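**Student:** Chains A and B, in that order, give the protein sequences. The numbers in the numbering used here rise by one with no breaks, and the one at position 78 of the first sequence is 78. The numbers in the numbering used here rise by one with no breaks, and the one at position 132 of the second sequence is 289.
Hints listed in this document are in silico derivations from the structure and should not be mistaken for laboratory results. Please note that a few of the clues may not be correct.
If you want a taste of the chain A side facing chain B, the calculated C-beta under 7 Å gives, among others [as the list claims (entries may be wrong)]: (1) Gly9; (2) Thr58; (3) Trp62; (4) Ile63; (5) Arg71; (6) His75; (7) Ser79; (8) Asp87; (9) Ala91; (10) Tyr117.
Simulated pairs of lysine-lysine, PhoX-like, Cα-Cα distance not exceeding 25 Å [claimed, not checked]: (11) B:Lys234 with A:Lys77; (12) A:Lys67 with B:Lys173; (13) B:Lys205 with A:Lys67; (14) A:Lys48 with A:Lys16; (15) A:Lys48 with B:Lys162; (16) A:Lys67 with A:Lys48; (17) A:Lys48 with B:Lys205; (18) A:Lys67 with B:Lys223; (19) A:Lys7 with B:Lys223; (20) B:Lys223 with A:Lys77.
These figures come from a predicted structure and were not determined experimentally. By construction, the Cβ of each residue, glycine as well, lies at the ideal position given by its N, Cα and C atoms.
Number of protein chains: 2
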Amino acid sequence: MDLEKFKFGPYKIDPKEVFYHTDLSYAMVNLRPLLPGHILLSILREVKRFVDLTTDETSDLWITAKKVGSRLEYHHKASSLTFAIQDGPEAGQTVPHVHIHIIPRRSADFEKNDEIYDSIDLKEKELKQKLDLDKERKDRSLEEMAREADEYRNLFS
Amino acid sequence: MDLEKFKFGPYKIDPKEVFYHTDLSYAMVNLRPLLPGHILLSILREVKRFVDLTTDETSDLWITAKKVGSRLEYHHKASSLTFAIQDGPEAGQTVPHVHIHIIPRRSADFEKNDEIYDSIDLKEKELKQKLDLDKERKDRSLEEMAREADEYRNLFS
């Protein structure tokens, strides 16, 4: 894999954190997942808004989301999935690069099932802060993230 | 339009509430939108889970979401969009028929930008109750909904 290949807004993503990709999209583990299996699926090209995706990118992203979501739901013994795009800053987007949050869900995993969206917003801000502190982040968690990515990579082999 | 065409889970949707459709997807106004322009984009075929969509349906649904979202954002002078699928009951889905919530967003439209997701869940339950009381619902709001659908229909003509 090309180490330069995976960009997430202004940041480079270590390929060890990426567990699946197509020619147009890539799936990565999360710095601090809200629930087991909470991952991000991003378009490969740096595009800020969903409307700016090509037709091929739109199809690829969501066909990939369907596949990735389904396997993670099964893997985590969940029974539902949350899919969400925060498309623009007023929708809670903090990294300006189109990506889908995919979250396996189980009964009563959050006290109210939609509290998770508040958490997405908080965690996305935290993610951005952590990405700004790239060195500290790598020291703390790349190994753990790489292990999780390895685990998920096996789901697609 | 075929009056029998638009089903939403166990319910029939009045074509007056539908403002755009393709061969595979249809967009309808909401009984009680959370914010101006909050609409539902549903797959035409009655399918419960996102994974059960065909490749063509997946592409059509999201290419349509891109188009509908973009026009509603412009129409409502918004600057961002929320796209969300509650895919299964543990993710907050109450009507078992794949649909996307599309919500134009502006600065500070909710006190915390993601409180809207709690509201989606509450309103979806309310929607189901209202759909169960179909007669009352029609008496109360079909005209208003039809007017809104007319307004949106013009965006696509």
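**Student:** Each hint should be assessed against the structure and marked as holding or not.
**Tutor:** Verification of the hints:
no.	hint	in the structure
1	Gly9	16 Å, violated
2	Thr58	5 Å, holds
3	Trp62	4 Å, holds
4	Ile63	5 Å, holds
5	Arg71	10 Å, violated
6	His75	14 Å, violated
7	Ser79	5 Å, holds
8	Asp87	4 Å, holds
9	Ala91	4 Å, holds
10	Tyr117	3 Å, holds
11	B:Lys234 with A:Lys77	42 Å, violated
12	A:Lys67 with B:Lys173	35 Å, violated
13	B:Lys205 with A:Lys67	16 Å, holds
14	A:Lys48 with A:Lys16	24 Å, holds
15	A:Lys48 with B:Lys162	36 Å, violated
16	A:Lys67 with A:Lys48	23 Å, holds
17	A:Lys48 with B:Lys205	31 Å, violated
18	A:Lys67 with B:Lys223	20 Å, holds
19	A:Lys7 with B:Lys223	23 Å, holds
20	B:Lys223 with A:Lys77	31 Å, violated
Comparing the model with each earlier hint shows violations of hints 1, 5, 6, 11, 12, 15, 17 and 20; every other hint is respected.
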